[in-house]
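Asker: From first to last, the protein sequence lines stand for chains F and Z.
Numbering of the first sequence is given in the numbering used here, commencing with residue 1 and proceeding in unit increments.
Numbering of the second sequence is given in the numbering used here, commencing with residue 1 and proceeding in unit increments.
I should point out that these hints are in silico values taken from the structure, not numbers from a laboratory.
Keep in mind it's a predicted model, so treat the numbers as computed, not measured.
One or more of the hints may lead you astray.
Stated by the list, open to error - Calculated lysine-lysine pairs in the BS3-like style (CA-CA distance at most 25 Å, straight line): (1) K131/F / K121/Z; (2) K151/Z / K94/Z; (3) K131/F / K167/Z; (4) K137/F / K114/Z; (5) K122/F / K99/F; (6) K31/F / K107/F.
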Amino acid sequence: MLAMVVCLPLLRPQSSTERLTVGQTEKVVGKRNDAVRTKIPVSILDGYHVNSNTPSDEYLIPLKVTWTALGALEGGQVTYPKAEKITVGAQSLSVFTGKFDLAVNFKVSAKAPAGPGIATGKLGFQACNDKMCFPPKSIEINVPYQVQ
Amino acid sequence: MSFLRVSAAIATAFLLGCFLEGCSYSPITVKAASVKDDKDRHSAPDFALKDADGKTVHLSDYKGKVVLLDFWATWCGPCRIEIPWFEEIERTRKDKGFEVLGVSMDENGWEDVKPFLAQMKVNYRVVIGDDPTTQAYGGVDSLPTTFLIDKQGKIAAIHIGIDGGRKDFEDGVDALLREGDTPVNAGNGGVPPAVAAAKQH
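One chain only, chain F, in its complex shape (with noise of 0.2 Å):
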């Protein structure tokens, strides 16, 4: 079994989370109960295409940011960019592409002490290309702020 294994040809690795980079985030910079807002610079290697946030129907995963850890901030409502419509086969899908930006929107708590700290989430996404599609994969983000 395991010979068998060896000698089939292997496929070439590939890994999803390449066709989608997430840049640097701004840094959130406020008083408490400031309302602050940031941007996440997301970028898709050219010739792929994620799904949209609202997908053309409910088997396709949407690109979603899922926050783990808000330490001083509060809320992390994420605005996201007009998708485009493609065409696959005969269906049509909502995505994106290329380079946008993803706003968010975060509140300073009340309690929060000064000083710095780092918000994380994830970033789940499902790319394709016009022939295939790879596995769903999530990315982590960091929002470094500070309390004033």
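Fit chain Z to the supplied structure of chain F, relying on the hints for placement.
Answerer: Here is chain Z on its own, set in the frame of chain F:
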């Protein structure tokens, strides 16, 4: 007299040619560029995966048949394009010893797959894949990834994505179904039938 000798020589040559090449030889017009020569094929790893009825399916259950093993997922757009192709290919060739076996890579398993299969009216058998199976098949990092498996249980072709199109699958399946129709040593000089079939393209 001379004419008779020439005629006899031609007849002898024809009969000898028939003996060496096979009198019943008929050219195969199917082209299947993606089908490997027999010497380049390796055994397809066996597996035990559950179908929608909870029945355990082994690849080895299909030995003697040509199998199209399709790794796919409900969230994969290009996979959806292929599904009607595979349905039609199986429908028209099932009685010739061909079957499609879909291996779903959906993390939520039947919860997602059953309604999808009903919606798409998929007529071939589907099982839920697992990590050991995908690892045994080289990782299967992108979908669709489709293996054509010959009657001896060897991987004869691998399609990653939908590059080749429906015709390529049809041609590959037809070429594999023809293998074994001509006995070894019956007109192909002892070349194994899989290699012989591939070389006639």
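Asker: Confirm or reject each hint.
Answerer: We went through each hint and held it up to the structure:
Proposed proximity of K131/F and K121/Z is supported: the alpha carbons are some 23 Å apart, at most 25 Å. At roughly 14 Å between alpha-carbon atoms, K151/Z and K94/Z fall within 25 Å of each other, so this suggested pair holds. For the suggested pair K131/F and K167/Z, the alpha carbons sit about 16 Å apart, so the restraint of at most 25 Å is met. Taking the CA atoms of K137/F and K114/Z, the gap is near 23 Å; set against the 25 Å cutoff, the hint holds.
Among the hinted pairs, K122/F with K99/F is consistent with the structure: their alpha-carbon atoms are about 18 Å apart, no more than 25 Å. Only pairs whose Cα atoms come within 25 Å are accepted, and K31/F paired with K107/F is accepted, the gap being roughly 9 Å.
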